[in-house]
Amino acid sequence: MKQAIDLARKNVKVKEGRPFGAVIVKNGKVIATGVNDILETYDPTAHAEIQAIRKASQYLQTAQLTGCELYASGQPCPMCLSAIHLSGVKAVYFAYSNEQAKEFGLSTAHLYEQIGLPIEKQTLPIRQIESTTDSEHPYELWGNIKNEELN
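Numbering of the sequence shown is given in the UniProt record's numbering, commencing with residue 1 and proceeding in unit increments.
Quick caveat, the hints were computed from the structure, so don't treat them as lab data.
All values derive from a computational prediction rather than experimental measurement.
It is possible that part of the hints are untrue.
Just the calculated beta-carbon pair ranges, DEER-fashion [said to hold, decoys possible]:
no., residue 1, residue 2, range
1, ASN151, ASP43, 34 to 44 Å
2, GLU16, ALA95, 17 to 27 Å
3, GLU16, TRP142, 23 to 33 Å
4, LYS55, LEU111, 23 to 33 Å
5, ASP6, GLU130, 41 to 51 Å
6, GLU140, LEU39, 38 to 48 Å
7, ASN144, GLN61, 25 to 35 Å
8, LEU124, LYS15, 36 to 46 Å
9, SER135, LEU111, 34 to 44 Å
Every residue, glycine too, gets a C-beta built ideally from N, C-alpha and C.
Required output: the full structure, derived from the provided sequences and hints.
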């Protein structure tokens with residue numbers, strides 16, 4: 001946890017970035033770190049946790065971070081938490097909560113609230129547009145390829 005917090009501090013002091021750092025550990029060994037690079041890269045997804053997940057996946061040569069733990073300086077936002085779930089990380093620890101981030105304009109609690117609503121009640125218009133093409137459904141194509149691999 002200390003390393004995640006130190007990364008967050010350094011990101012502010014050296015890069016004038018946002019105060020977030022993340023560390024991924026497997027079998028007691030640090031395999032990847034990340035800091036919030038949004039201001040540097042102009043990429044709204046360049047959160048510390050996402051950056052660390054990308055590096056850990058490359059290091060392990062797999063998209064599944066089974067057996068890994070993630071330490072974050074701040075409470076992961078919904079995007080990061082989703083990526084953490086998708087990656088298979090086994091546990092997450094964070095130092096500073098959304099409540100502590102609120103007075104600095106860094107809380108993502110409002111995003112958790114929105115995502116918890118049915119899509120038709122969220123403030124961002126999200127609507128399904130059904131496909132009208134006659135071509136092969138991409139999910140079916142994926143399923144067919146996966147079924148062939150199993151046979």
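Verification of the supplied hints:
Under the hint 34 to 44 Å, the C-beta atoms of ASN151 and ASP43, about 40 Å apart, fit the expected range. Separated by about 21 Å at the C-beta atoms, GLU16 and ALA95 satisfy the suggested range of 17 to 27 Å. Between GLU16 and TRP142 the beta carbon distance is about 43 Å. The supplied range of 23 to 33 Å is therefore violated. Separation of LYS55 from LEU111 is about 24 Å and conforms to the stated range, judged on CB atoms against 23 to 33 Å.
Take ASP6 and GLU130: their Cβ atoms lie about 50 Å apart, and the range 41 to 51 Å holds. For GLU140 and LEU39, the Cβ-Cβ distance of about 42 Å falls inside the hinted range of 38 to 48 Å, so the restraint holds. A C-beta distance of roughly 26 Å is found between ASN144 and GLN61, which places it inside the suggested range of 25 to 35 Å. Between LEU124 and LYS15 the CB atoms are about 30 Å apart, so this pair departs from the stated range of 36 to 46 Å.
At about 35 Å, the CB distance of SER135 to LEU111 agrees with the hint of 34 to 44 Å.
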